[in-house]
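Asks: These are the residues of each chain, in order.
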Amino acid sequence: MGILTLTGNYAVAWAVKRARVQVVAAYPITPQTTIVEKISQMVENGEMNAKLIRVESEHSALAATFGAAIGGARAFTATASHGLLYMHEVLWWTAGARVPVVMAVVTRAIGPPWNIWTDHSDIMDQRDTGWIISMAEDNQEAFDLTLQAFRITEDNDVNLPMIVGLDAFILSHTYAPVDVLEQEDVDKWLPPRKQLYVIDPENRYSMGNIAYPKDYMLMRYDIERAMERAKKIIEKVDREYGEYFGRSYGGLIECYKCSDAKYLVALMGAWAGDAKEAVDKLRENGYNVGVMRVRFIRPLAVEKILEYASGKKGVLVMDRSISFGSAGPLFIEVSSILSMNGKPPAMKGVLAGIGGVDVGYRDIMDIISKFVDEVEERGWFVKRQEWFFSHKR
Amino acid sequence: MSNLIKIKDNILPLSVTSEAAMGKTGSWRTFKPVIDYSKCINCYLCWLYCPFSVISKSEDGVVIDYEYCKGCGICADVCPVKAIAFIPER
Ligand code: SF4
Ligand code: SF4
Chain U
21 MGILTLTGNY
31 AVAWAVKRAR
41 VQVVAAYPIT
51 PQTTIVEKIS
61 QMVENGEMNA
71 KLIRVESEHS
81 ALAATFGAAI
91 GGARAFTATA
101 SHGLLYMHEV
111 LWWTAGARVP
121 VVMAVVTRAI
131 GPPWNIWTDH
141 SDIMDQRDTG
151 WIISMAEDNQ
161 EAFDLTLQAF
171 RITEDNDVNL
181 PMIVGLDAFI
191 LSHTYAPVDV
201 LEQEDVDKWL
211 PPRKQLYVID
221 PENRYSMGNI
231 AYPKDYMLMR
241 YDIERAMERA
251 KKIIEKVDRE
261 YGEYFGRSYG
271 GLIECYKCSD
281 AKYLVALMGA
291 WAGDAKEAVD
301 KLRENGYNVG
311 VMRVRFIRPL
321 AVEKILEYAS
331 GKKGVLVMDR
341 SISFGSAGPL
351 FIEVSSILSM
361 NGKPPAMKGV
371 LAGIGGVDVG
381 YRDIMDIISK
391 FVDEVEERGW
401 FVKRQEWFFS
411 HKR
Chain S
243 MSNLIKIKDN
253 ILPLSVTSEA
263 AMGKTGSWRT
273 FKPVIDYSKC
283 INCYLCWLYC
293 PFSVISKSED
303 GVVIDYEYCK
313 GCGICADVCP
323 VKAIAFIPER
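As you go down the protein sequences, you meet chains U and S in turn. Be aware that the first sequence starts at 21, since it is given in this note's numbering, and climbs by one per residue. Be aware that the second sequence starts at 243, since it is given in this note's numbering, and climbs by one per residue.
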């Protein structure tokens with residue numbers, strides 16, 4: 021098949037086809053709709069052998085996907101924004117039941133006011149659910165991550181569901197070349213579905229009955245242990261994917277020009293591409309900076325973040341959403357880890373691009389150089405919030 | 243603790259289904275479905291719809307297991323010939 025020109029959403033749909041997904045249940049919501057639209061076209065054309073279930077809401081979409089997965093089918097759904105929030109309860113059910121499911125989330129702002137552009141509030145809102153949560157930087161990575169998600173979630177050591185996040189419009193509706201891989205190669209790399217248990221007429225279990233406090237807590241502890249094991253599996257799958265298909269991304273975290281940098285900027289998603297460009301340009305102007313791209317917000321790469329940031333003079337965190345009353349969620353996560361270090365670097369949390377405000381590499385250059393200049397002038401400091409409302413260019 | 247379901251070192255929120263795991267749920271009933279076999283046409287809709295699977299097919303037609311029938315009334319509602327009366331328990 022080779023290289024096709026695909027939107028991020030179509031790249032996800034192609035990966036779902038390549039993974040031989042058997043059941044897809046979804047409800048349309050901008051900017052996710054074209055993922056499931058494409059899948060439904062593939063099913064209708066007979067290119068894909070899957071059952072598509074149309075449901076009346078996102079809550080039901082994930083419930084149906086979850087049910088199919090419990091029954092032993094490789095299952096997929098996709099949503100965004102309000103749809104994801106409406107699903108929230110079933111996210112807990114899916115993770116709590118320890119059932120592998122893959123879901124694409126096209127990150128979009130939450131109303132009111134109504135807004136369809138990218139923002140990470142929806143995906144960040146799911147951090148406590150027990151789902152593995154990732155963000156892609158480009159369309160190719162959206163494809164690769166979706167495929168990898170099946171290997172990760174169905175691994176014997178994991179058995180947790182996973183979200184593949186991609187930024188609204190910047191990836192979801194923008195065309196770029198994507199290597200969609202040959203079906204026979206994918207078949208060799210991705211084994212048939214595995215899961216801890218199946219419920220069907222031969223295997224009669226009842227799921228979700230009442231558990232007394234001590235048992236309940238043990239099951240919670242088990243989810244956390246699986247999350248911890250998932251760190252290793254994510255790294256392993258990324259490495260093996262690289263050996264097999266020639267692309268790997270650094271596992272939990274991609275560090276771009278980090279080793280010799282004095283300052284790092286940490287962020288997630290599509291704008292990491294702009295940050296890399298900003299870093300290249302800034303290095304020409306004598307700013308010694310690198311990009312720490314967090315690919316997985318869950319499980320969080322605590323050890324790697326500590327390792328990459330050790331000895332740095334400053335770490336800037338850019339968030340595309342805010343936890344009102346505290347700071348940007350990525351800043352909260354990263355700064356708590358860096359504070360474990362005896363000598364933490366200077367830190368600042370910048371809130372930008374919220375509700376889809378366009379942030380280009382020149383904006384990021386300004387944001388980074390301002391931080392570096394401040395630290396060089398004032399010395400060590402921590403600033404939890406600084407709002408960047410974007411330049412008019 | 244010993245009755246927790248563990249698979250490959252994972253403790254799972256599962257239980258094995260068994261008869262009367264929740265007790266004899268027939269005692270929950272406030273209304274009772276009663277089939278009038280002279281009207282019944284053996285369409286099996288009640289058998290299909292009963293959410294607790296307590297209606298079974300037999301040589302004599304459909305039979306309700308009153309030990310577990312919770313008295314939800316769905317069977318009476320779906321019966322196309324109104325062969326199931328729904329009467330208050332005394
Ligand atoms: S009343 Fe409800 S539980 Fe009882 S037989 Fe009819 S459908 Fe089943
Ligand atoms: S639904 Fe009515 S007619 Fe059909 S089998 Fe049941 S009792 Fe008989």
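In short, the hints are calculated from the structure, not lab data. None of these values were measured; they are calculated from a predicted model. Incorrect hints may have been included.
Stated by the list, open to error - Derived lysine-lysine pairs resembling DSBU-like cross-links, with alpha carbons at most 30 angstroms apart:
(1) U/Lys296 with U/Lys251
(2) U/Lys403 with S/Lys312
(3) U/Lys252 with S/Lys274
(4) U/Lys208 with U/Lys251
(5) S/Lys299 with S/Lys274
(6) U/Lys277 with U/Lys208
(7) U/Lys252 with U/Lys277
(8) U/Lys37 with U/Lys301
(9) U/Lys208 with U/Lys37
(10) S/Lys250 with U/Lys256
(11) U/Lys251 with U/Lys363
(12) S/Lys250 with S/Lys266
(13) U/Lys208 with U/Lys234
(14) U/Lys324 with S/Lys274
(15) U/Lys214 with S/Lys250
(16) U/Lys214 with U/Lys282
(17) S/Lys248 with U/Lys251
(18) U/Lys214 with U/Lys252
(19) S/Lys312 with S/Lys274
(20) U/Lys234 with U/Lys277
(21) U/Lys234 with S/Lys299
(22) U/Lys277 with U/Lys324
(23) U/Lys252 with S/Lys250
(24) U/Lys277 with U/Lys256
(25) U/Lys301 with U/Lys252
(26) U/Lys282 with U/Lys234
(27) U/Lys333 with U/Lys277
(28) U/Lys282 with U/Lys324
(29) U/Lys282 with U/Lys208
(30) S/Lys250 with U/Lys251
(31) U/Lys234 with S/Lys274
(32) U/Lys403 with U/Lys282
(33) S/Lys248 with U/Lys214
(34) U/Lys256 with S/Lys312
(35) S/Lys248 with S/Lys274
(36) U/Lys282 with U/Lys301
(37) U/Lys208 with S/Lys250
(38) U/Lys252 with U/Lys296
(39) U/Lys214 with U/Lys256
Asks: Hints first: check each against the structure and report whether it holds.
Replies: Here is what the structure says about each hint:
Proximity of lysine 296 of chain U to lysine 251 of chain U is assessed by CA-CA distance (about 25 angstroms); at most 30 angstroms being required, the pair is judged to hold. Simply put, lysine 403 of chain U and lysine 312 of chain S have alpha-carbon atoms about 61 angstroms apart, too far for the 30 angstroms limit, and the pair is violated. Annotation: proposed proximity of lysine 252 of chain U to lysine 274 of chain S is violated, straight-line Cα distance about 57 angstroms (limit 30 angstroms). Between lysine 208 of chain U and lysine 251 of chain U the alpha-carbon distance is near 24 angstroms, which keeps this suggested pair within the 30 angstroms criterion.
Between lysine 299 of chain S and lysine 274 of chain S, the direct Cα distance comes to roughly 19 angstroms. Compliance with the 30 angstroms bound is thereby established for this hinted pair. For the given pair, lysine 277 of chain U sits about 34 angstroms from lysine 208 of chain U by alpha-carbon distance, which is inconsistent with the 30 angstroms threshold. Between the alpha carbons of lysine 252 of chain U and lysine 277 of chain U the distance comes to roughly 23 angstroms, so the proposed pair stays at or under 30 angstroms and holds. The suggested pairing of lysine 37 of chain U with lysine 301 of chain U is violated, with an alpha-carbon distance near 39 angstroms, which exceeds 30 angstroms.
The straight-line distance between the Cα atoms of lysine 208 of chain U and lysine 37 of chain U is roughly 15 angstroms, inside the 30 angstroms bound, and the hint therefore holds. With a CA separation close to 20 angstroms, the supplied pair lysine 250 of chain S and lysine 256 of chain U stays within the 30 angstroms bound. Between the alpha carbons of lysine 251 of chain U and lysine 363 of chain U the distance comes to roughly 26 angstroms, so the proposed pair stays at or under 30 angstroms and holds. With a CA separation close to 34 angstroms, the supplied pair lysine 250 of chain S and lysine 266 of chain S exceeds the 30 angstroms bound.
Of the supplied pair hints, the one linking lysine 208 of chain U and lysine 234 of chain U is violated, its CA atoms being roughly 43 angstroms apart against a limit of 30 angstroms. A distance of roughly 64 angstroms separates the Cα atoms of lysine 324 of chain U and lysine 274 of chain S; the hinted pair therefore is violated under the 30 angstroms criterion. A hinted pair counts as satisfied when its Cα atoms are at most 30 angstroms apart, and lysine 214 of chain U with lysine 250 of chain S qualifies at roughly 13 angstroms. The suggested pairing of lysine 214 of chain U with lysine 282 of chain U is violated, with an alpha-carbon distance near 44 angstroms, which exceeds 30 angstroms.
A C-alpha spacing of about 22 angstroms is found between lysine 248 of chain S and lysine 251 of chain U, which places the hinted pair at or below 30 angstroms, so the restraint holds. Simply put, lysine 214 of chain U and lysine 252 of chain U have alpha-carbon atoms about 18 angstroms apart, close enough for the 30 angstroms limit, and the pair holds. Only pairs whose Cα atoms come within 30 angstroms are accepted, and lysine 312 of chain S paired with lysine 274 of chain S is accepted, the gap being roughly 8 angstroms. Distance check on the hinted pair: lysine 234 of chain U and lysine 277 of chain U sit about 47 angstroms apart at the alpha-carbon level, beyond 30 angstroms; violated.
A hinted pair counts as satisfied when its Cα atoms are at most 30 angstroms apart, and lysine 234 of chain U with lysine 299 of chain S does not qualify at roughly 43 angstroms. Annotation: proposed proximity of lysine 277 of chain U to lysine 324 of chain U holds, straight-line Cα distance about 15 angstroms (limit 30 angstroms). At roughly 18 angstroms between alpha-carbon atoms, lysine 252 of chain U and lysine 250 of chain S fall within 30 angstroms of each other, so this suggested pair holds. With a C-alpha separation of about 22 angstroms, the suggested pairing of lysine 277 of chain U with lysine 256 of chain U holds against the 30 angstroms cut-off.
Distance check on the hinted pair: lysine 301 of chain U and lysine 252 of chain U sit about 34 angstroms apart at the alpha-carbon level, beyond 30 angstroms; violated. With a C-alpha separation of about 47 angstroms, the suggested pairing of lysine 282 of chain U with lysine 234 of chain U is violated against the 30 angstroms cut-off. Annotation: proposed proximity of lysine 333 of chain U to lysine 277 of chain U holds, straight-line Cα distance about 15 angstroms (limit 30 angstroms). The suggested pairing of lysine 282 of chain U with lysine 324 of chain U holds, with an alpha-carbon distance near 17 angstroms, which does not exceed 30 angstroms.
For a cut-off of 30 angstroms, the pair hint linking lysine 282 of chain U to lysine 208 of chain U is broken: about 43 angstroms separates their Cα positions. Between lysine 250 of chain S and lysine 251 of chain U, the direct Cα distance comes to roughly 18 angstroms. Compliance with the 30 angstroms bound is thereby established for this hinted pair. A C-alpha spacing of about 39 angstroms is found between lysine 234 of chain U and lysine 274 of chain S, which places the hinted pair above 30 angstroms, so the restraint is violated. With a CA separation close to 18 angstroms, the supplied pair lysine 403 of chain U and lysine 282 of chain U stays within the 30 angstroms bound.
With a CA separation close to 16 angstroms, the supplied pair lysine 248 of chain S and lysine 214 of chain U stays within the 30 angstroms bound. Proximity of lysine 256 of chain U to lysine 312 of chain S is assessed by CA-CA distance (about 52 angstroms); at most 30 angstroms being required, the pair is judged violated. The hinted pair formed by lysine 248 of chain S and lysine 274 of chain S fails the criterion: a straight-line CA distance of about 40 angstroms is larger than 30 angstroms. The hinted pair formed by lysine 282 of chain U and lysine 301 of chain U meets the criterion: a straight-line CA distance of about 16 angstroms does not exceed 30 angstroms.
For the proposed pair lysine 208 of chain U and lysine 250 of chain S, the alpha carbon gap of about 25 angstroms is at most 30 angstroms, so the pair holds. The hinted pair formed by lysine 252 of chain U and lysine 296 of chain U meets the criterion: a straight-line CA distance of about 26 angstroms does not exceed 30 angstroms. Under the criterion of a C-alpha separation no larger than 30 angstroms, the hint pairing lysine 214 of chain U with lysine 256 of chain U is consistent with the structure, at around 17 angstroms.
Of the hints listed earlier, those the structure fails to meet are numbers 2, 3, 6, 8, 12, 13, 14, 16, 20, 21, 25, 26, 29, 31, 34, 35, in rising order.
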